[in-house]
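Just so you know, the sequences run in chain order A and B.
Using this note's numbering, you'd call the opening residue of the first sequence number 23 and step up by one each time.
Using this note's numbering, you'd call the opening residue of the second sequence number 24 and step up by one each time.
Because the hints were derived from the structure by calculation, they are not lab data.
Only a predicted model underlies this, so the values are computations on that prediction, with no experimental measurement involved.
Where is the CB? At the ideal position from N, CA and C, for every residue including glycine.
Hints may be right or wrong, so weigh each one.
[Unchecked claim] Here are the in silico distance ranges between beta carbons for each label pair:
no., chain 1, residue 1, chain 2, residue 2, range
1, A, S140, B, A107, 30 to 38 Å
2, A, R292, B, R84, 45 to 53 Å
3, A, Q203, B, E127, 34 to 42 Å
4, A, Q154, B, E127, 48 to 56 Å
5, A, A211, B, E182, 30 to 38 Å
6, B, K83, A, Q68, 50 to 58 Å
7, A, R287, B, A107, 56 to 64 Å
8, A, Q154, B, G170, 49 to 57 Å
9, A, P248, B, E282, 38 to 46 Å
10, A, D38, B, D280, 32 to 40 Å
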Amino acid sequence: MTTAKRGLPDLGFAFDPFEHLDSARDVHLQSYMVIPRAVESALAEQPLAVFAQPGGGKSALRIYASNFYRDSRGVRFPITYVPDGYSADPGAHFSGIETSLARAVLIYLVSYPDLFSSYDTATRREIKRILQILPFGLDFNLGLMQSARFITDLEQTLGVSAFSGLKEMGMSHRDLGRELQALKAGAAARPSLDDQFDLLKTAFGAKSIHLLVDGLDGFMETSSAPALLKWIEPLFEALQNWEAKNIHLKVFLPMDIADAPSVARFGALRTATLAWDDHLLAEIIRKRVFAASSGVFDTLDAISAPDVRGSELTLARQLPGDRKLPRHIIMKCKKIIDQIPGQGWITNELLNAKEAAHDGIL
Amino acid sequence: MKTVPPSEVLFKTLKAENETWLGDVFVPPPVFERLASDHSVILYGEPGSGKTAARLELMKRSPNVFTPLWKPEPIMETPATGTALAAQSMGRVLRACVEALIWEAGLPKRLNEPPGFIASALQWFLKTCLPYDPLAYLQNQPGRLDGDEMKWYEKLLAENQPSVITEQTGLKDRMQLLLSIVRHAKYDGLWVMADELERWDALRAGEQVEAQLDAILSTLVLLDVPGIAFKLFLPSSLRKVVGKTSGVSRRRAAEVDLEWTAGDLKTMLERRASYALSSSVTLRSLCDENLFDGWLREYGGSAPRDWLRFTAPLIAEFQKQGKRLSADQTRAFILRHPAPLRLGRDRREVWLGKKCIPIGSAYEFRILDYLASHPGKIGSLEELYYYAQAELESVPDSGEPKWVPRKTWRAAMDTMIWRLRQKMEPNPGEPLYLVTHHGKGLELLHVEA
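Chain B on its own, in the form it takes in the complex (with noise of 0.2 Å):
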């Protein structure tokens, strides 16, 4: 019987590895069926937009191929260039393919007593992919494999096989020898699976990384092999590298875009919300439909992590009510739940949720940015202006050069303080996020952690 984690565990746990639930609640993108296809693909999509959850449902819906799952990693050693570090990431990927053949595709039972030729190759993959010595590798495993798999393995290593690949033998060659193994394995073709690129973003290990694609993706025989495909789950952020290499650009692997519709979006929380209750439920039925779906499209953008992410308390507000919310509920819920405020600070923009607004004034910013750095903090008017306009960290006593009468720029801060609420605040009359506390300031809340 299964169990159904709780509503907020099931909207917030949104890190598909972790998702033991996910094949229950999955909505398929819209292009899930040319990444079912098996010519090489790219997807491409934004941090949260789902590639993780779309690349295991892939993997999960076709049971008969071989899917395994390389995480490109920076070369320690120095990285040649070219078609040599092609052949370097491609010791990379190789390497990843032996291990899942060993720790996911049950290989003792899949190939019982394999042919010899078939050992030989195995064996050459398990000696030269693995990082050390394979007897070593699979045994400080403990556990991972069973007394007889080990037992296969032990036999496997310890007979005397031909050695099958030279120096000589070609990229192509030896991704052809993987599959000869893999289709004798009882699988029907080789995806090679990349994600997880994510944590390289921006960082200088990024750069090696992107080398390693580039170097792939430009050697063509690597996508020419039939019954072998490549599926790159990509942050959009590599477009700019991988569009440009000649297997994209001679369409060897096709680009797409992960995108959601608002209706996919709702279809996705809905099925969470029906999985989280046990019952089939729609947004209609939690609370105020237009309210909530309105505020969702203005607030969570266009990638699921913020649509569920913002309705888990929903839910938890609808199970703690037992019946729906009306529309006075809703909208009081909303308010009680904005959505969370992020400083982008290179182009002195507010995000609210996913909705960006420019704040084209230094000044304006410095404040935001003076109360976002301090959070809990009512920042008086003073501290406020001194630090906008004066650039100073403290407010400086009466008499020092840089102190200026009250009366001066009361009036300008007052305008400013106006001019941010337009800017920001749904409701620039009752703010939610720059509040004034009587007397003593300014606080800005719900400051993104």
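In isolation and in its complexed conformation, chain A is listed as follows (with noise of 0.2 Å):
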């Protein structure tokens, strides 16, 4: 009997559909997104809490709307701002904004070097007074700007997403930066924050902003519901005002605070839950399996012995209740992926196998 295993390209995968649990890592995720209905409002132009259990897929969802957005090209303009640390002072969440603010501006006009030579020099002035809050500094990351080979080389600097599918840093970049070194900001004071938001829609056209708030549950003191309620309290009283400016707040928020009165209080704010049934669990797989195999099949039947059938359907219904969920799910089809055996495929006693051998897999 052969014991090695197939390799991915043997299964006719061009990746790992099932390797990463840590949507900030998996490159491959806005291919093969599910979005249950229930939270399809995360994507519209409303302020929205999202709910739901660790391993829930709150990040996913987060970093899909993420690039979702992008993709408008700065129309729908997204910031993501997830805390760095925590801090009693009602006012950090705002700093942490406005910093998550300027590393949107910067990786924005990166993604389109020639228009900031279009702006007047006051807006230009302006624009450069929010760049002074990044982190490192401005230099720091015009001197990255102006020396790096590629757009991915300040995306991980800076950790947000190019909006535009330029690759490569070009002379336009190197213009930038100098103009941007070059430009004396001027004595003013750096705009407030409201005036930043204000920015991105006179200069970059955008029509809405969409502030995407997540891991505020990440921290120690903010594990318990009434800590994580308080911490974020300052966030919803701005609620009202932002909205009336087009500027959605969509916060992603763990299940245990979903039905806290102090959520409800606010009326503006949507809620959704993100939950999840076998046949959205299922979907998941097949969506997986469909983008890994370069759209060659979209079920893992097609590397299943001949009697397997319904393979996604099969796994899905083997989670009991509190485990259904993706982050379970996907565990689950990574150890049947590698335990496929040399010249083999996945069987009925591969799949059926004991709920305890897929414990503690990544």
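Make the complex out of the two chains shown on their own, each in a separate frame, by following the hints.
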């Protein structure tokens, strides 16, 4: 018997469709994201709180939404704010949003490097004042921009993705860097956050701004529901003011605060729950298989023994109620793919292996 | 030409940092592939299970990844809590990274003439993360950098660079900035390795170290930087702390156990034996495989340390004899080199190698305890009786209140010793550990020092 594992190319996959549980590292997310109908509103022009269990796909949806808006070339302008640390200061979120906005502005300019020179001096100065709060300072980022060969270098350092499909840094980027460096920012104070949002509209043509907020519960201090609710309150307080200006807050939160009265208090805020059933989980597998096989097949049945039918639903149904989540179905598939022996395929035996065997995998 | 160390060294120097031959004899554990993924992974293992060996081999097989080693230590200043403790701990991590950049990465060659923004970032890390003035720090370790490298650092530190990090700069951005330097130094990514935590286990200081791991693994932004992963090599006892962190429960870091099958362990000792003897050998070609393998499985446990330790004298015997040990010779060898005995006083257990034997009776256990506490001593039955049953350190004189005539306890003592041998001796009829010296008493042999 051959025990060597089958490689991905042998299975017809260009990449491992079940490699990533962490959507931040998943470059293929956009090609196979499944969005339950209940949270399609995450992409709409409205403020929304999305609730989900850990592993329920909050971050994936946030990244997908950000990419979705980015494809509008900034007409629906995404700003992602994931707090970098915990601070009890009520203004901390707004400082964090300003930094996120500065990152988004720089990457927008890098995505369309000829744009900057078309602005009047006042606008250019205002942009420069916004960019001065970039992490590591503007000089560092301009230095990186001027020496980097690829836009990904800047994307990696800023932690944001470009708006256009431009891959390489060119002469226009060096010109942009020089222009920004040479420009005098002037003595005026940095614009307020509201003014910065306005600038995105006037200079970049943004019709709406989507503020995607995630990772609020990622700190020891905010692991309890009351502490988390208290921490996010300043953002909810700003909601109405923002809404009137077409700035939509999309906040991704853990399920255990979904029913908190303090969330319901903010009437403008719609809520949606990321919930999964067997069919949606099966769809997750199919879409990933379809993307990884470059569209050649869309079911694990294609790499299974002839008597295996409906493998995706079989796998989804095996998950107990509290594990009916994308994370667990991906883990389960990963384990199965890794166990396919050389020259072999998925058998009913492999498909129905006990759940315990799938535990503990990445 | 490589120098093969003596078999005694090869089988008993089981401290991976000192095993220069590790790469030649390494057997990857079943979880090695997962360890080598781009994700953060926590590898749990018992002492001697090969965690450090796995770490060293992972570093060796990942030359394109920068793999600094962080050895967590208690924080001497008042430790913070929550995210502030995570920040304090990450300060230690960053220091380990910067030290590794200086001493192991060969930055002057890798960066050569770095662009200004990288120079300013590196200057910030050198000035901020090292324990004292960076130039003095470099000069205080003569010989570790050559003249050109020293000049490179002197020039870098003398430049008037703008500070790229402020107090407001968050933890994730600091890691991101370090990653920028690492990438400019032509590495693909950064894996922070944490190891050598055993020394804090069960000590009060260990609680502080645990708190640091807890804080880091509960601060998700630290685990969400593409290009950076944590590879933590932890004693299994830390699972109770680490396993509850949000980093683990939300799968930012995967937990895996370092476990070996008997087949893996046999391969490991055969590989070392082949290396020691400079020829390809199997257990079968050294001795009676069934006998020796069965003995290792019974007493060697599931970690490499004892399997290798117990095999060391076999290699020496094979070399001395110049040929394979027959079944009788293998049996005799095992009797001459039984698994060492250790007492587990908390639970009244006897450990023969990795085999645990519960000794339920407190009296019986006190007999062993007395003999183990007096190595080399032959304990008379009187001594053992009064120690075990009457809890006296010495035998009372006849007529003293606690003195008991021999005939009243002799049969009970014989029964206790018989029971002990039934429980712990591989062959109770021919005791190896609890041996009788006729007319004198009992001695406990092969007690681990």
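Tested hints:
Checked against the hint of 30 to 38 Å, the C-beta distance between S140 (chain A) and A107 (chain B) comes to roughly 46 Å, which is inconsistent with it. The hinted window of 45 to 53 Å between R292 (chain A) and R84 (chain B) holds, with their beta carbons roughly 50 Å apart. Remark: the range hint 34 to 42 Å for Q203 (chain A) to E127 (chain B) is upheld by a beta-carbon distance near 35 Å. Taken as a hint, the range 48 to 56 Å is violated for the pair Q154 (chain A) and E127 (chain B), whose Cβ atoms sit roughly 36 Å apart.
The hinted range of 30 to 38 Å is satisfied by A211 (chain A) and E182 (chain B), whose Cβ atoms lie roughly 31 Å apart. Checked against the given bound of 50 to 58 Å, the beta carbons of K83 (chain B) and Q68 (chain A), roughly 54 Å apart, stay inside it. Roughly 31 Å separates the CB atoms of R287 (chain A) and A107 (chain B), a value that falls outside the hinted 56 to 64 Å. A C-beta distance of roughly 41 Å is found between Q154 (chain A) and G170 (chain B), which places it outside the suggested range of 49 to 57 Å.
Separation of P248 (chain A) from E282 (chain B) is about 41 Å and conforms to the stated range, judged on CB atoms against 38 to 46 Å. Remark: the range hint 32 to 40 Å for D38 (chain A) to D280 (chain B) is contradicted by a beta-carbon distance near 23 Å.
In the structure shown, a violation is registered for the earlier hints numbered 1, 4, 7, 8 and 10, in ascending order.
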